[in-house]
Amino acid sequence: MNALPSAINPASVGLTTRRATELLTGWLRQGGLMAVVVLYTLFAALPFGWIATMSVRTTSEISARHFAWPEQWHWEKFRIAWVDSNFAQYFWNSALVVVSAVAIVTLLGAAAAHCLARYNFRGNRLVYFILFSSIVFPPQIILISLFQVLVEYDLYNSRLGLTLVYVSLQLPMTVYLLESFFARIPQDLFDAAKIDGYSDFEIFWRIVLPVGMPAIATTIILNFIQLWNEFLFAVVLLSDQDKRTLPIGIRAYMGDYFQDIGMIATGMMIAVIPVVILYAFFSEKLIQGMTAGAVK
Amino acid sequence: MAEVQLQGLFKNYKGAARPAVQDVSFTVQDGEFMVLLGPSGCGKSTTLRMIAGLESISDGQLVIGGRVVNEVAAKDRDIAMVFQSYALYPHMTVADNLSFGLRRRKIDEAQIAARVKSAASILGLGELLERKPFALSGGQRQRVALGRAIVREPQVFLFDEPLSNLDAALRVATRNELVRLHHRLGATMVYVTHDQVEAMTMGQRICVMNGGQVAQIGRPLDVYKAPADVFVAQFLGNPPMNILAAQLQAAGGEAQALTGDGAVLPLRRWRDRLAGMRAVKLGMRPEELSIESPDTAGPALLRGVVAAVEPLGAETLVNVMLDGNAGEVIARLHRDADAALGQRVSVYVPEAALYLFDAATGKAIEAP
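Protein chains in written order, with numbering that gives the first Met the number 0: chain A, 0 to 295; chain B, 0 to 367.
Just chain B, with the same shape it has in the complex (with noise of 0.2 Å):
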C-alpha cells in the first residue's frame, strides 16, 4: 500500500493550444479510494495514464510509496490497472488472463495458482477460469479485469472508467462489490468516471476537473453542499443545480437579489461579503425548491409557467420557465406535487438553500 501524490503535473501534446493537463496536485492517503471525476476531456483519464505511467509526464512530479516515479517504467510502478474495454488478452483463457502479469515477474507455480485460486474465488470466477474471454458476459469479464489486478497484489489500484460498458442493473452490484473489496483490501485506489452517481458512491474524496485542471477536492457531501465553482455545482446532483443571473441591491443596508423575473430575494447570510458586487449569480439545488400554486403573491418568490412535468415515480421535476426570459429552474417535488404544464406558480426558494456565484469568474461566493 502507498501513498501517491501528484505534484503539478502537466501534460502537453504536440501541436495542441493548451496542455491537456495543467497543474494538477492532489495527494491520495494510503489505503484511499480517490474517484476523479468530470466531463470526457477534462484529463482526467491522461492524469490516471500518467500516474500509471502509460502517458509520459511533460512536467511535475509523481510520488508513490515515497518514490519518485516520472521516469519509472509502468511495470515497475508497483500499479495494476482496471481498464473501460477490460483489454482481456482475447487468446487466453481465463486463468492465463489472471497469471500472463505473474509469470513475467518470475513467481513461482504454487505460488501463482494459490494467488490465481483466491482472487477467482473473491470475485466468484472459479467456474470461469478455463473459458475464454469470447465466451464470458460483460459482468464477467469485468471481474475478470478486476481479477488481473487484484491478483497482482499492487500497492495502487487504478480504475478507468470500468463500469461504463455495463448495463443499469449489473454497475449498481458491481459498485457496491468494488467499495467491498477497497474495504476488504484496504489498498489505495484511484478511479476514474464521468459518472457522478459512481463518484458520490464510491469516492472517500472525489476530485472534480475542468478542462485540464482540479475544480475542487473534497468528501463527496462537502463537495455537494459545497461546491467551489459553478461548473462543480452544476456538475454534480442530477438534475443539475439551477443557476440565475440575478443584479445585487442594498435595501435598509441589507443585500438583496433582483432577478430577471422580479422577485427579490434577500441575501442576509453574505452580511458585508457583497460589497462592491453589481451582480452575482445565484445557484439553487432542485431538491431545496417548493412550487406554491396558484401563484402566490410576494417578494420572495420567483415566478412562472409550468414548462415540463416529469413524473419519476418517487419524485416529479418539474420545469418552470420564468417571467421576463430570466431563465428556468428545475424543482424536484415529491410525486404527488400539484403542478400542470401551463400553469401559472410560484416558487419558493429558502435563503439557507441559496449559493452564491461571482457573475464573472463564477467562483463561489461564500457565507461568512
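Pulled out of the complex, with its shape left as it was, chain A reads as follows (with noise of 0.2 Å):
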C-alpha cells in the first residue's frame, strides 16, 4: 500500500501552510486598510457629487428626485449665478479680502515666528503665551466688541476692515505653526549666512521663508481655505450688496420660505473651485510640512 506520495514530506506541508496562511493575512491586513481608505474617501466624496449633480440641475428637479443622476445638464445656472446673481462681484470681493488677508497673514506671522523663535528678548514667551492663549477663546466672544472697533474706526461695511479682522483671526494660528517649524531650523545656518554677510531681515527672507516653504504652504493652505469659506464675520461686518464675499452671495438663495437647493449647489460650486485649485497646487508642500522635520 503507497497511498502517501513519497515527494511530499510533512515538512514542506507544513512551509506551503505558513507560507499561505502570511500571504493570507498580508492580503487581509492590505484588504481592510483598503476598505478603510475607500469608505473615508466616500463618506468625504458622495455629498461633494451630490453637490456637484445638484448644481447641475433645477431646485424643481431636485425636489422631485433627490438622489438622480441628472437628466439635462442645466450648465447655464452657472451663468445665471455668475451674471445675474452677482457672483462675478461676490467672487471678485471674496477673491480680493481673502488673498491680501492670506498675504498679510503670511508674511505677518512668519516674521513674528523668526522673531519668537531666533530672538532672545525680554518678554519672548510672554508674547508668545498671549498669542497662543488667544488661540484657545471662540472668535465669536469677539465679535460685538470688533463690530463697536471698526465702526469707530470708519472701518465696517469695508473690505480692508474686513480684511485686516481676517488677519487678526488667523494670526496667532499661523504664528503658532511657523514658530514651532522655524524653531527647529538649526543656529548655524543664521551663523553661516552672518558670516557670508546677510543682515538680519535677508537671513529671514532669503533663508527662513525658503527653508520653512513647507510650513508656509501648510499655513497658507489652512488659512486661505479657513476665510475662503468665512461666514459669521462677513456677514456681521459688510452691509452693503456689493461688498459682500461668496459664503454670503450663496446665502441670498436662501429665503424665509423658501431655499433655492439648486443654485445654492451651484453657487458652492463656483465658491470651492478656488480651494480645488490651490490644494493641487500647494499638496505635496502641505504633506511636506506635516511630515517636516527634515531640515538638514
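For the record, the hints were derived by calculation from the structure and aren't laboratory data. Just so it is clear, CB atoms sit at the ideal spot from N, CA and C, and this is done for glycine as well. Where hints are given, some of them may not hold.
[As the list claims (entries may be wrong)] Stretches of chain A that chain B covers, calculated by requiring three or more beta carbons in the stretch to come under 8 Å of a beta carbon on chain B:
hint, segment
1, 80-94
2, 189-198
[Said to hold, decoys possible] Derived pair list, reagent style DMTMM-like, types lysine to aspartate or glutamate, alpha-carbon separation capped at 20 Å:
hint, chain 1, residue 1, chain 2, residue 2
3, A, K193, B, D22
4, B, K105, A, D199
5, B, K131, A, D199
6, A, K193, B, E54
7, B, K362, B, E54
8, B, K74, A, D187
[To be verified] Have a look at the derived ranges for each label pair, beta carbon to beta carbon:
hint, chain 1, residue 1, chain 2, residue 2, range
9, B, G137, A, R183, 40 to 48 Å
10, B, R130, A, A94, 34 to 42 Å
11, A, N119, B, R17, 40 to 48 Å
Since each chain comes alone in its own frame, lean on the hints to assemble the complex.
Spelled out as C-alpha cells, the structure:
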C-alpha cells in the first residue's frame, strides 16, 4: 500500500501552509486598510458629488428626485449665478479680501514666528503665550466688540476692515505653527549666513522663508480655506450687497420660506473651485510641511 | 592672511556662576594652523565664536590682522567658518551655496564663477555643483562646507569640529586633506576639536583648554612630552597617562616616592626641587611601562594583579590593579606580551619616564 506519495514530506507541507497563511493575513491586512480608505473617501466624496450633480439640476428637479443623476445638464445655471446673481462680484470680493488677508498673515506671521523662534528678547515667551492663549478662545466672543471697533475707525462695511479682521483672526495660529517649525532650523545656518555677510532681514528673506516653505505652504492652505469659507464675520461686518463675499452670496438663495437648493449648489461649486486649485498646487508642500523635520 | 591675537578674552553669560571663557590669551601666527583642544564645555567653541564675531566679547581684546575687531560685525572680519553641522543652505544648489557669500559682497559674476570653479576642482566637487545638499553624502557635504570657506579667500579660516559627523575612515582622509589644504593656501587657521588625535596630527600648535581657561599652548609633541598639569597629561594620549598618589621620603639625601602598593621609586632627576613637599602625584605614560611576570622582587616595581587584557592587534593594553588599593595602571605592550587575567605581575617604570605633579594644584613639577 502506497497511498502517500513520497514526494510530499510533512515539513514541506508545513512550509506551504505557513506561507499561505502569511499571504492571506498580508492580503487581509492590506484589504482592511484599503476598505477603510475607500469608506473614508466615499464618506468625503459622496456629498461633494451630490452637490456637484445638484449644481446642474434645477430646484424642481431636485425636489422631485433628490438623488437622481442629472437628466438634462443645466450648465446655464452657472451663467445665471455668475452674471444675474452677481457671483462675479462676490467672487472678486472674496478673492480680494482672502488673498490680501492670507498674504499679510503669511508675511507678518512668518516674521513674528522668526522673531519668537530666534531672538532672545525680554518678554519673548510672554508674547508667545498671549498669542497662543488667543487661539483658545472662540472667535465669536470678540464679534460685538470688534463690530464697535470697526464702526469707530470707519472700517465697518469695508473690504479693508474685513481683511484686517481676517488677519487678526488667523495670525495667532499661523505664528504658532510657524514658530515651532522655524525653531527647528539649525542656528548654524543663521551664523553661516551672518558670516557670509547677510543682515538679519536678508537672512529672514533668503534663508528662513525658503527653508520654511513647507510649513508656510501649510499655513497658506489652511488660512485660505478657513477664510474663503468664513461666514460669520463677513455677514456681520459687511452690509452692502456689492461688498459681499461668496459665503454670503450663497446665503442670498435662502429665503425665509423657500430655499433655492439648486442655485445654492451652483454657488457652492463656484466657491469651491479656487480651493481645489490651490490645494492641487500646494498639496505636496502641505504633506512635506506636516511630515517636516528634515531641515538639515 | 593675518595674525590673530587674543588678549585676555572673557565671556560672561547672564546668570552663569562663572565665565564660560576666562582670561584667554594667545596669538595665532600668520599662516599658522592652531588647534583649540579640550573636553566639551571647556570654552573652546565659545572662544572660536568670539573670534568669528558670533558671540560678543565680554572683556579683553581681539586683534585680527593688526585691527581691533571687538565691535566689528562677523561679516566684516574677513573670516570664514566651517561648522560641525556643515550649515549648508538646504534650498540652494552646491554652486549657489558656494557663491552665496560672494554675491553679497558684490563680486562680479566672472570672478565668482572662477573662484567657484577653482574651489570645486581643489575639493573634487565638479560633478556635484548642480545638486542640492540633501542629495550629497556626509563627506561631500563636508567638502562643500569647506569650499564655501575657500571661495571667500578670507584672512582667517575657523573650523568648529568639522570632522565629528564623518565616519572614521573618512575622518582620517579628510584630516590629511585639510592639512594639505592648509599647506596649499598658507592661510591662518583656527581649528576647534575635542579629538586629541586630530589635534596632534593637524595642529602646528595646540592650545589645550579646560574650564574656560588655557591649560597649555605648544607644539603637539612638546605638550605631549611635557604636560603642564594633570589635566593636560590625561587629556592627551590614549589610553591616558596613569596617575598615582605617592608620598615623598628622603633616603640618603635623595628623594623617593612611596606608592600605596609599597613600591619605592627613586626621583633623582628632581634633585632639590622636592624640598619641603610631602605628597605628589606620579604620572606615567602607558607606553613607557613594561610588565615583568612572574612577580619579580625589587623595590622599584609596582605590584598588582592583571584586571583586564585588551588585545588591539598591534598592541595589547594590560590593566593592572595595584596592591593595597593604590589604584590601577594601564600598560601598553607589544601584542605578544605575556599577561593573563588574574596573574600577579610587576610593573617596571624607568625613572626617566616619570612625571611629577603637585598633589594639591595638579601643576607639573619639572625636573631641572
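Here is what the structure says about each hint:
no. : hint                           : verdict
1   : 80-94                          : violated (count 0)
2   : 189-198                        : holds (count 8)
3   : K193/A with D22/B              : 26 Å, violated
4   : K105/B with D199/A             : 18 Å, holds
5   : K131/B with D199/A             : 24 Å, violated
6   : K193/A with E54/B              : 12 Å, holds
7   : K362/B with E54/B              : 31 Å, violated
8   : K74/B with D187/A              : 15 Å, holds
9   : G137/B with R183/A: 40 to 48 Å : 20 Å, violated
10  : R130/B with A94/A: 34 to 42 Å  : 39 Å, holds
11  : N119/A with R17/B: 40 to 48 Å  : 21 Å, violated
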